[in-house]
Structures are given as structure tokens and as C-alpha cells.
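Colleague: If you're matching them up, the sequences are chains A and B in order. The first sequence begins at 1 in the numbering used here and counts up by one. The second sequence begins at 1001 in the numbering used here and counts up by one.
It is worth saying that the hints were derived from the structure and are not from the lab. Mixed in with the good hints, there may be bad ones.
Unchecked claim - Taking beta-carbon pairs under 8 Å as the criterion, some of the chain B residues facing chain A (in silico):
1) A1155
2) G1205
3) Q1209
4) E1210
5) R1213
6) V1214
7) R1216
8) K1218
9) G1219
10) D1300
11) L1302
12) Y1303
13) A1304
14) R1309
Stated by the list, open to error - Cβ-Cβ distance ranges computed for the label pairs, FRET-style:
15) A:L505 <-> B:T1014: 41 to 51 Å
16) B:V1305 <-> A:R155: 37 to 47 Å
17) B:V1305 <-> A:S90: 28 to 38 Å
18) B:Y1248 <-> A:R120: 45 to 55 Å
19) A:R155 <-> B:L1297: 28 to 38 Å
20) A:R446 <-> B:M1136: 39 to 49 Å
21) A:S350 <-> B:V1305: 23 to 33 Å
Positions of the beta carbon are idealized from the N, C-alpha and C atoms, including for glycine.
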Amino acid sequence: MATDQTPLVSIDKLRVEFRGEDGPIVGVEDVSFTIAPGETVCVVGESGSGKSVTSLSLMRLVEFGGGKITGGRLSFSLNGKQIDLAQTGSETMQAIRGDEIGMIFQEPMTSLNPVFTVERQMTDGLRVHRGMSRSQARERALELLRQVRIPEPERRLGQYPHELSGGMRQRVMIAMAMACEPRLLIADEPTTALDVTIQAEILALIDRLKRDTGMAVLFITHDMAVVAQMADRVVVMYRGRLVEEGPVERIFAAPQEAYTRKLLAAVPRLGEMRGKPAPEPMRLVGEEPARAAPPPADAVPDPLLQVSNLTTRYPVKGGLFRRTVANVHAVEDVSFEIGRGQTLALVGESGCGKSSCGRSILRLSEPTSGEILLDRTDIRALSARDLRRRAWRDMQMVFQDPFASLNPYMRLRDQVAEPIRNYRIETGGGVEDRVADLFDRVELPRAFMSRFPHELSGGQRQRVAIARALAVNPKLIIADEAVSALDVSVQAQVLNLMMELQAELGVSYLFISHDMAVVERVAHRVGVMYLGRLVEIGTRQQVFENPQHSYTKSLLSAVPVADPTQRTIREDLKFRPIPSPVFPLDHTPAPSVYDAIAPGHRVLRGDAGLGAD
Amino acid sequence: MSYLLNRLFSMVLTLFLISAITFAVTNILPGDVAMMIMGTQSNPEALAGLRESLGLNDPLLVQYGRWIGGMLTGDWGTSLVFKEPIAPLLLQKMTASGLLVLFSMTIALTCAIPLGVWAAVHANRWQDTAASSTAMLGVSLPDFFWGIMLILLFARGLGWLPSSGFVDPADDFGGAVRHALLPSLALGLGLMAHLTRMTRATMTGILNQEFIRVARAKGLNESTVVWRYGLANAVGPVMTVAGLQIGYLFGSIIVIESLFNYTGMGWLTYQALLNRDIPLIQASVFVIAAVVMLSNLIVDLLYAVVDPRIRLS
Chain A
1 MATDQTPLVS IDKLRVEFRG EDGPIVGVED VSFTIAPGET VCVVGESGSG
51 KSVTSLSLMR LVEFGGGKIT GGRLSFSLNG KQIDLAQTGS ETMQAIRGDE
101 IGMIFQEPMT SLNPVFTVER QMTDGLRVHR GMSRSQARER ALELLRQVRI
151 PEPERRLGQY PHELSGGMRQ RVMIAMAMAC EPRLLIADEP TTALDVTIQA
201 EILALIDRLK RDTGMAVLFI THDMAVVAQM ADRVVVMYRG RLVEEGPVER
251 IFAAPQEAYT RKLLAAVPRL GEMRGKPAPE PMRLVGEEPA RAAPPPADAV
301 PDPLLQVSNL TTRYPVKGGL FRRTVANVHA VEDVSFEIGR GQTLALVGES
351 GCGKSSCGRS ILRLSEPTSG EILLDRTDIR ALSARDLRRR AWRDMQMVFQ
401 DPFASLNPYM RLRDQVAEPI RNYRIETGGG VEDRVADLFD RVELPRAFMS
451 RFPHELSGGQ RQRVAIARAL AVNPKLIIAD EAVSALDVSV QAQVLNLMME
501 LQAELGVSYL FISHDMAVVE RVAHRVGVMY LGRLVEIGTR QQVFENPQHS
551 YTKSLLSAVP VADPTQRTIR EDLKFRPIPS PVFPLDHTPA PSVYDAIAPG
601 HRVLRGDAGL GAD
Chain B
1001 MSYLLNRLFS MVLTLFLISA ITFAVTNILP GDVAMMIMGT QSNPEALAGL
1051 RESLGLNDPL LVQYGRWIGG MLTGDWGTSL VFKEPIAPLL LQKMTASGLL
1101 VLFSMTIALT CAIPLGVWAA VHANRWQDTA ASSTAMLGVS LPDFFWGIML
1151 ILLFARGLGW LPSSGFVDPA DDFGGAVRHA LLPSLALGLG LMAHLTRMTR
1201 ATMTGILNQE FIRVARAKGL NESTVVWRYG LANAVGPVMT VAGLQIGYLF
1251 GSIIVIESLF NYTGMGWLTY QALLNRDIPL IQASVFVIAA VVMLSNLIVD
1301 LLYAVVDPRI RLS
């Protein structure tokens, strides 16, 4: 920390406007803060807070998105002189971009050019800024790839982005941004699209590069846990304005502003539920506390859903006649139960089979084998007609993206009414009353009934999706990453709503999520999935407080904790890449064998071909 | 390799279907080959004798088998109108039309790509409106309109280029180019309009992608960002649309070649239809279909070259 030096960057009363249909829209207003050399400043805020606009203004990239800097100074110390980036000509800006200031973006899948090799993309900046020859630039690129610890760097140079994994691509991005040894690295949500173990590696990498090179880092994120792990100083933004600024310990320990307190309160912190038997509502400052909390887990649960030896495989087609040439083993010999009025969370990283598992239970993906009993009804034995008539009335699904799962051309009233009419829950005027009740239930104004999805915010849309799921009085709701796309305060509200509905209606949830801190808060029982298998299952306390499987342990160790006094992001975290779940047709996987640790706590024996030790 | 086999297999299947449909349709038409040879006023007995000797009394399936067998072994029959063997005739006319397709495609692409990129870079500004309106004009007006305008301007008015006729490039290359230029322009204008709109749409999407922002953040200058990082991603989609347009070109060619009295494939097909030259109709349709499919196959194979994500295995 070097806060007493001359700042590298000082932003003074920045104002950015965007072209709107009815005149200019203010994107950022009256934002001032500084970044000292060698310092990490985290800008944190929810969507629409202007945090990305601020960073793009520093690069003067905001202009390419229709924005315009209409006020303020962006002082940057260049060759011992202070220049105002807001007034700098485009040629000087090109010389600064990529040389003095490097930038990493959120989406490693889309931030590399798909039709150019890694080498070409890594070297063109070096050739422009450093005038290097092709072979010199190649040497430097290799050196950079080694610095970001990419295995087999020589081979990577000749590869195209689609041949690399997400984590690897983000490493290439970082290497690219580091190419000319910038004095400022801007990282705009660099780990948001990544799995938690890869996030831990990337955060550790950025932190090490910062210490090794002495560059300053401007880190943009919405995730308070990441802030706690990375920041020296924090800038909190809300609706285009700066709310609060200060050292990370102070912001977390003694936030001054109401908004900061509210934001921090809504963040679940892994470990804070230690010793508590039942799920608890999320904290919300300045709003009435949740009406009811779910009951604790029963010692002997009354099972609503019993899944035994569920296996789902997807065929991989190929060859002249599109024959099946291999199988994706998406779900492999998975067994669990969900008690009435309880929540089972399935956690795991992308590709572990947790979503396939949820879809298989509804038979949206047809299982290959296994048994699914819902209230003693054999779901797999039902005809397509009975599945639609009976099973889907008892089980409903809420998806991740509420914008994609609502029909943009239908009024919300009609979308919520649709299942009510289809299942003849009500008829005639009763439908309207039922829809109005459901809107009350999910705490949406009744006036919203005649609106269209685009007129609502993300959280409001997800409430509509929940109302629609509740319309048929289901016994089980499968929530697939249902709060992952929401801002943290909205996420807390929606989670509380789900918990209230559980307490009042006795509905069960299969809560599919990648977010361990949220799961710790809402689940009665937790199942950890890896490569299609359930590696560990138990009550929340058993899994979180006494994890047994090595994968559960490494997953928990990778979760950033929203507490700057507990920095767990270290370079020595080594996570194995997840192997491919594609197997030849004749492959017969070993059955899942579990060791009972305690009543209700089972752990997969050995690695069963998982590659985990 | 297995991709290529797959494609060739489906191409053969499609060609087989096309041949069957063409054969069936030409047999439903009133008047058969014997009638076309002898004329409507001919002696009924002589007509019956010719029918017998041509095998026209055999079941349709047998006739079809004989015809497709001939097509496969290189015996394509003789044109009734031109009194010539069909295979060399088609080859010659296909070369003439190939020149038109090549020219018009070159003209269209060299204009459409810069114009489309320019419109995309200035999306929703006056440059975009200007380019899009011009393209719209090209799309909405039929090819023969442009043909007539071009004849009026360059042949009648300025007298720079001949208004009609065809010269074999083997005899006089310069002459061949001059005769091909106006019909190619007429064909190319409509094509260019389509491709401009396609390039604009593709590039607008690409320029909003994150990797373009990353390229700018690396300090690359704007022309590198647009013309290298951007355009490299647009080549594939634009090429595919251009490939599909070859099929439409063969439709337009019938009108344009007749207008310019350019004796290529389109002109030939028109003559064959006009004179009910059944063997020639059958063979022409078959060849045009094969050429269109083959050119699309080549375009798809080229896609793998410009886009490494496409694996043709």
C-alpha cells in the first residue's frame, strides 16, 4: 500500500453522458478518486452503478459505446508529467492504451478474436508499442505465458481461442494486458464468468503480478467477497455516483453510508452459518425483516422426492449417418432425497451435471436409467400425457435468466394465468383473482399484471417467474441458478421471498447453484456434484463444517470470503482441470459407492474415476 | 474427410431427385420428342415408327433409366434445335456464363464489402442511411431494369461498350471481356445490394463484440481494428451468402443473357424451353443444379479455411 505517493491516476469530477432518444442520459456524475502506484482500488457497485463506465472512460473507450466525457479531469502521470486523458488526442490515446494502461474484460469466451491465433493476438500490441520484430514479439509472448503459468506455452501460441478452456483464455487475456508492462491494469469483472476454483487462481495471479511488477490495479466488480480479498482501497458506486471511498478494512468494518451498509448486509459470508441448524433469511438493512424462516431439517425427513441411481447420458453424434459415437455422462448414478418443505442444494462447477440432474427429474432431459419417485409416483413410468398432466403440476422450474424464460410478447397477467388455465386450477373470473393473489404473494404491485417483461427489472422478472411456478401449487420447485443473474441486494430479497414461501406453503426446493455462500444460507441439505457424480451429501452443517471428500474441501477453500481480515486467496492453491465427461460407447462406469460418515452424511468412496484424490 | 464424403453423398442424392423431377415434369408436358422432331403436321404412322425407335413407348421408368444411364456415361443425347451433341454444347455455354458469374461476383464483392463496412462503422448515422438506401434501391429494382439503363448509357449514349453479343475468350480475350462487362454489371448491381446489406448487418454485430473492445484496449489503430480484427470475422458469413446467391444468379442470367443476346447457359436454357427441346432442357437443368451445389460445397469448404472454429471432420 502506497497511498501517500503522488497518485498515478486522479479522477476529478468525472461526468459521462450517453446519447439517448430524448436527449443525453447521464452515465456517471461527479466521480472523483485516485489510484496510487502499486495500489489495488476496487470499484464496487450493482448493475447500472457506472463502475464500468468509469473504467472505460479512463481508456477513452467509452466513446465507442456512444458515451461522451462531458466534464471533469482524468489526470494521468506520463513521463513525469500530468496529462488529462479526457483532453488527449486519439493518437496519444492509442499509444497509452495497451502500453501504459492494460485492460482485462469479463467474458474470456468473447474477448479473444476467434479467427486469430493466440500468438497473433498476443504479439500485435508488442509490435505496435515496442516496435518488436515477429520473433522478438514471439519470445516475449512465450515469457508472458510462462509468467501467467500456462502449461505448454509453445503449443498455446499456435492455438485458436476455442481450443482453450475459460480459465486458460482469461490467463491469455491477462498475459496480453501485461505485455507492455503497464503501470495501470484495469480489470473489469475479470472473474465473474468463471468457476469458483478458476476465480481463485485468477485472483491470486493478478495479485502476484501486481506485487511482482509494482503496477496499480483498478478492479471493477459487483462481488463484495472479491473486493475483500483483493482491495487496498474501495470505491462504492450507486447509480452513476460515488457513494463512499476508503481503505478496505474501514469500509467493511465501519461503513459510513447507508447504501454501503445495505450492500454489505446483503452479502452472504461463507462460514457465518456455522452451528446453526436451520436456514436463515438474508439480512436486509432498512427493510422489514423476513416474515418467516424455514423450519430446521427433520432428523428423519418425510421424503417428497426420492431419486435413486439416476443416470443421464447425452449421445455425441458423428460420422456419415450421424450415428452415436460417444456419450456425455452428464449425470452418473446419483441418489438423493428431498424432504417435504425442505431445500436440497446441488452445488458444483459448470459442467458437473447439476442442471442436467434438475432437468432429468422433470424429464426435460430423458434419463438413461434410475428411479424418480415423487410422492411415491414413479415419474419415469408415466406416459407423456400423464407426465404433463400430473407430474408437471407437482414440479415446477424457475430458470436462471428471467428475461429469456418469459415471453416478451405476452402480458405478465397472461403468462401467470397460462398454467392456471392449462391445469384448470381456476376458471372464468377466478383466474384473474388467482393471478392477483400470486402477485401479492411475490410482493409485486398488481398494476404490473398488465405490463410486459421488458418493463420490469431483473429481480421483478424473477418474481414473476416464481409466481408462475407457484400458480399450480407445486410440491417441488426446481430453481436452476435462479438468483445468479441478480444484483446482490435483489438476490437477497428474492431468496427471502423463496424462504418465506417455503415456510408458509411447505414447498420443497431443489436449489441448483454454484454459489456456496448463498447455499449455506438457504439449504437444509447439500449435495456436491463433480463430473456427473454426487461426491458428498449431508445436512448443511455436515457438509460445510465437516467436509470429507477432497473435492468438497477444495471447492470450499476456493470460495472468497467477504471479510478483508481473512484473506484466503493464495498462489499455492492448485486446482486440477475438470476432466472430460465424454466416454466411448462401451464404457461402463463403476457404480457410486458411498461411505456413511454420520446419519444422512454420505461420501463417495475413492475417486470412482473422477481423477480427484 | 468424412464431412466431404457426407456432403458429396447428399449432393448425389439431391441431383438424383432433381433428375427424376425434371424428367417427370418434361414428360407431362404436351407433345413428345418425336412430335418435336417430325412437326405437328407429320404422318401418324411415321410418328409412331419414330416413337417406337426412340423407345418412347417403353414405361417411363425404363426411359428414365436409359436417360440417367446416358447422363452418367457421357452420352447426353443430341439437341433437337441445335442438332448438336448436348455435352460439348453445354460445356461451351457454361464457360460463357461462368465468365458472367465470375465478373458479376467480383464487381459485387469489391463494392459491397467496403460499402457495408463503412455503413457498419457509421451505424445509425447519415453514412449508414446513405449506404442502406443505395442498397435498398439495388434490391428493389429488377436486373433487367439495370440492364436496359446500362445499354442506354454505355452502349447507346457513350458508345464505350457493345450492347449485345458474345465473343469466345479463346478467340479474343479483350473482346470477350468487353462483351461480358455490361451483362455482368447488370447482374452485379442487384447482387451488390444484397451483399452490402449482409456485410453491414454482420459487421455491426461484430463491431459490438468484446474482442473488438479488447483490440482497441491494446492500442491498435481504428483501421486495424475494423479491417483486420473485424472483417476477418465477417468473411465467412458474407462468403456463405455470396455462395447462395450463385443459385439466384442462374435465375437472373436467363433474363440478362437474353437481353444482351449473350449466348451462354441462360440464353441456351431459354431457347430450349421456347422450342421444347426436351433432351436439352433436362440436361441444362441438371448441369445448373450440379454447378450451384458444387459452388456451395466449395464455399462451405472455404469457410473452414477462414474460420478455425469450423471443423469439417
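Colleague: Run through the hints listed earlier and report the numbers of any the structure violates, in increasing order.
Modeller: Failing hints, ascending: 1, 2, 10, 11, 12, 13, 15, 16, 18.
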